[in-house]
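Those sequence lines, one after another, are chains A and B.
Counting from 1, one number per residue, gives the positions in the first sequence under this note's numbering.
Counting from 1, one number per residue, gives the positions in the second sequence under this note's numbering.
Treat each hint with caution, since some may be false.
[As the list claims (entries may be wrong)] Pairwise CB distance ranges, derived in the manner of DEER restraints:
1. I69/B x E125/A: 25 to 35 Å
2. F185/B x E64/A: 42 to 52 Å
3. R9/A x I73/B: 20 to 30 Å
4. V68/A x P168/B: 41 to 51 Å
5. D137/A x I69/B: 29 to 39 Å
6. I14/A x G189/B: 45 to 55 Å
7. I69/B x A24/A: 45 to 55 Å
8. I22/A x L164/B: 37 to 47 Å
9. A35/A x A93/B: 13 to 23 Å
10. R121/B x R9/A: 18 to 28 Å
11. G113/B x L18/A: 22 to 32 Å
12. L39/A x L167/B: 19 to 29 Å
[Claimed, not checked] Here are some chain A residues pointing at chain B (derived, C-beta under 7 Å):
13. L29
14. I38
15. L39
[Said to hold, decoys possible] Heads up, incomplete: computed chain B residues facing chain A, CB under 7 Å, no partners named:
16. S64
17. V67
18. T71
19. T81
20. S84
21. L85
22. A89
23. P92
24. G99
25. L167
26. L179
Treat the hints as calculated values from the structure; they're not laboratory data.
Glycine included, each C-beta is placed from N, C-alpha and C at the ideal position.
Here are the chains, one letter per residue:
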Amino acid sequence: MVLLKLIKRFYAIIFLTLVVAISATLLGLTHSLTADQILRQEHARFMAYLERMFPDMDYFEHEEELYVIYNVDDEIEGYAFIGSAPGYSSTIRVMVGLEDKATVKQVMIIAHTETPGIGDRIEDEDFTGQFAGLPVDRIYLNSDDVDSITGATQSANAVIRAISEAVEEIFKEQSD
Amino acid sequence: MIKWIKEFSKGLVVSNPIFVLALGLCPALAVTNTLDNAIGMSGAVMFVLLCSNMLVAVIRPWVSGIVRIPTFIVIIATFVTIVSLVFQAYIPALYESLGIYLPLIVVNCMILGRAEAFASRNKLSLSIADALGMSLGFMAAIVLIAVIRETLGTGALTFFGITLFTLPVLDEQPVSLFLLPAGAFLAIGLLLAVFRKWGLIKND
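Bound-form chain A, shown alone:
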């Protein structure tokens, strides 16, 4: 009798607790069902970018933040790293491929949601192409060798910052 009265009194609390418990169970279930697939997707995307940048890649190894790319003959094909910086409306993630530890091979924008038609011009070959062959220490904001994009300064500068900050971090660590 007392129990029934208690339940009645705290019905709202009990009800909401139940709802939240069921919801949490459902979400845990969904998460455990999708987690592997999400990881696989991310890995597949990452590999696809690496393979586009280094067609002769066979496997790669981590060297801190730097990926060392090897070909079938165990020779070093090049290096790659990922940098990110906040752009105009999203965090822009770039993958940078290096010929050797000092020269850029290619820059790819791997994730962003910048303004369509304006900020998303950072994906254009006109912009990303200019980094190819450039020494890594020539890439910084307002460098003479790097052009920004008119009307999309924030997005373009974020790409440049993403690269230069990652370069600084990786190569400072390595020279220490």
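Given the structure of chain A, go ahead and fit chain B onto it with the hints provided.
Showing chain B alone in chain A's frame:
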């Protein structure tokens, strides 16, 4: 059955969520820059609205009055999270381009509005009709806005990688204003004006 059809069809035109009730305008403005985004968003909204309307209609007798709204929000948030995990796992490209607007379906007032105004007062079958009608109306509206914005803003219309058509002059000089938020307001405003003047929508 007649009642079912009535509840189903009202969402399509007479109380279209976007053009008449003016609910769910956030996604209608934010993700209508491309046709793909609009279709992805309306698919997600349809799933969430259908599930939440059904569940709310079923648990209606036991819902405690004072925690009604929190209960609905928890239910909606659960389905939204499920949708966004599934999108992330199986259609990552769409997940990336919808960005923050996918989790923001939680606060889409259309879904809470239907749970509160309809599903919590009607039985299961009618709530399903309401959810289907409303989400199809929502889909029709945002797909229409997206087609206009993408066509004017890029000079072409693409559907998941397939180019449907390319306009001759706009292709060279697209009105990229239409891809920006201002273009979304313009497109919705002009469509609303047209519908009010010549369309089926009656102003009471």
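So, going through the hints one by one against the coordinates:
| no. | hint | in the structure |
| --- | --- | --- |
| 1 | I69/B x E125/A: 25 to 35 Å | 51 Å, violated |
| 2 | F185/B x E64/A: 42 to 52 Å | 48 Å, holds |
| 3 | R9/A x I73/B: 20 to 30 Å | 24 Å, holds |
| 4 | V68/A x P168/B: 41 to 51 Å | 50 Å, holds |
| 5 | D137/A x I69/B: 29 to 39 Å | 57 Å, violated |
| 6 | I14/A x G189/B: 45 to 55 Å | 48 Å, holds |
| 7 | I69/B x A24/A: 45 to 55 Å | 19 Å, violated |
| 8 | I22/A x L164/B: 37 to 47 Å | 43 Å, holds |
| 9 | A35/A x A93/B: 13 to 23 Å | 19 Å, holds |
| 10 | R121/B x R9/A: 18 to 28 Å | 26 Å, holds |
| 11 | G113/B x L18/A: 22 to 32 Å | 25 Å, holds |
| 12 | L39/A x L167/B: 19 to 29 Å | 42 Å, violated |
| 13 | L29 | 9 Å, violated |
| 14 | I38 | 5 Å, holds |
| 15 | L39 | 9 Å, violated |
| 16 | S64 | 4 Å, holds |
| 17 | V67 | 5 Å, holds |
| 18 | T71 | 5 Å, holds |
| 19 | T81 | 6 Å, holds |
| 20 | S84 | 10 Å, violated |
| 21 | L85 | 5 Å, holds |
| 22 | A89 | 4 Å, holds |
| 23 | P92 | 5 Å, holds |
| 24 | G99 | 5 Å, holds |
| 25 | L167 | 15 Å, violated |
| 26 | L179 | 4 Å, holds |
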